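Chains as they are written, first to last, in my numbering: chain A, 98 to 236; chain B, 98 to 236.
Hints in this document: simulated from the structure, not taken from any laboratory.
Treat the hints with care, as some may be off.
Because identical chains cannot be distinguished in the list, a pair is counted as satisfied if it fits within a single copy or across any two copies.
Claimed, not checked - Straight-line alpha carbon distances no greater than 30 angstroms define the calculated DSSO-like cross-link-like pairs of lysine-lysine that follow:
#, residue 1, residue 2
1, 115, 151
2, 233, 118
3, 151, 118
Nothing here was measured: the structure is a model prediction, and the numbers come from that model.
2 protein chains.
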Amino acid sequence: MDHHQLEEGTQLALDYTKLQKVAECDEGLVPAVAQDADTGEVLIVGYANELALKTTIDQGMATFWSTSRDELWIKGKTSGDYLEIVEVCVNCEQNSLLYRVRPKGAGACHTKGTNGSARSGCYYRVLEDGSLSFRKGME
Amino acid sequence: MDHHQLEEGTQLALDYTKLQKVAECDEGLVPAVAQDADTGEVLIVGYANELALKTTIDQGMATFWSTSRDELWIKGKTSGDYLEIVEVCVNCEQNSLLYRVRPKGAGACHTKGTNGSARSGCYYRVLEDGSLSFRKGME
Numbered sequence: 098m099d100h101h102q103l104e105e106g107t108q109l110a111l112d113y114t115k116l117q118k119v120a121e122c123d124e125g126l127v128p129a130v131a132q133d134a135d136t137g138e139v140l141i142v143g144y145a146n147e148l149a150l151k152t153t154i155d156q157g158m159a160t161f162w163s164t165s166r167d168e169l170w171i172k173g174k175t176s177g178d179y180l181e182i183v184e185v186c187v188n189c190e191q192n193s194l195l196y197r198v199r200p201k202g203a204g205a206c207h208t209k210g211t212n213g214s215a216r217s218g219c220y221y222r223v224l225e226d227g228s229l230s231f232r233k234g235m236e
Numbered sequence: 098m099d100h101h102q103l104e105e106g107t108q109l110a111l112d113y114t115k116l117q118k119v120a121e122c123d124e125g126l127v128p129a130v131a132q133d134a135d136t137g138e139v140l141i142v143g144y145a146n147e148l149a150l151k152t153t154i155d156q157g158m159a160t161f162w163s164t165s166r167d168e169l170w171i172k173g174k175t176s177g178d179y180l181e182i183v184e185v186c187v188n189c190e191q192n193s194l195l196y197r198v199r200p201k202g203a204g205a206c207h208t209k210g211t212n213g214s215a216r217s218g219c220y221y222r223v224l225e226d227g228s229l230s231f232r233k234g235m236e
């Protein structure tokens, strides 16, 4: 399946090898969920190591460890479309993070909707009867 | 640090080994975020394999793969405090899931607040100046 089909298609093709690949990074990582603090929308799930969390706090911008490029990823820093940190929350067992953010500039997802704008978040498709359909307003 | 300190304390002690442990499960897993579809609250982050996703759909209850017990975990099935599925969303790259749910019964977190009730979700503490404090209403 090519990138376009993966991102814009209706066929479910979950990459269940993802967390194996994340572990192969050889970085200490926890999942980090970014949520729009105003609308409640879950925007993106990334991974954070100690440096990413430190950078998130120091810069006030949601920062992840890019597990594909194996480098620090201050989301949107270059483009200006960053996710301003409102607060950083930690779960009960202290093995994941919730970044509550205010998106600046374009949407948090790298894909574009049919209106040509970046989608606000990555969860724009819903699983129904074994295939994917687009959530209302997120086509 | 004991369990009580980890869950109710104000000291940050993130377990950055979490995803290594998840990978050692030798299951194909993706992160699965459960969000209250009505309030928007991010409740819990778990992990799902193909069986967990299938069970989520078939039973209409948020289901994870327990990476500590290495077994299927239909959250709250025994107690009745389950998370009824409203919809299951998939991200752009198809390597994570978002369960949009309606919590039935007690809160989604296994910890109890100072009022003696289960907390609605796991993200009840916020990181401030290097230590944790309780979010308002989630003490």
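Results for each hint:
Both within a single protomer and between protomers do residue 115 and residue 151 lie at most 30 angstroms apart by alpha-carbon distance, with minima of 24 angstroms and 18 angstroms respectively. With identical chains, the CA atoms of residue 233 and residue 118 are never at most 30 angstroms apart, being 32 angstroms at best within one copy and 37 angstroms at best between copies. Taking CA atoms no more than 30 angstroms apart as the test, residue 151 paired with residue 118 passes in both settings, with 23 angstroms inside one copy and 23 angstroms between copies.
When the structure is compared with the earlier hints, a violation turns up for hint 2 alone.
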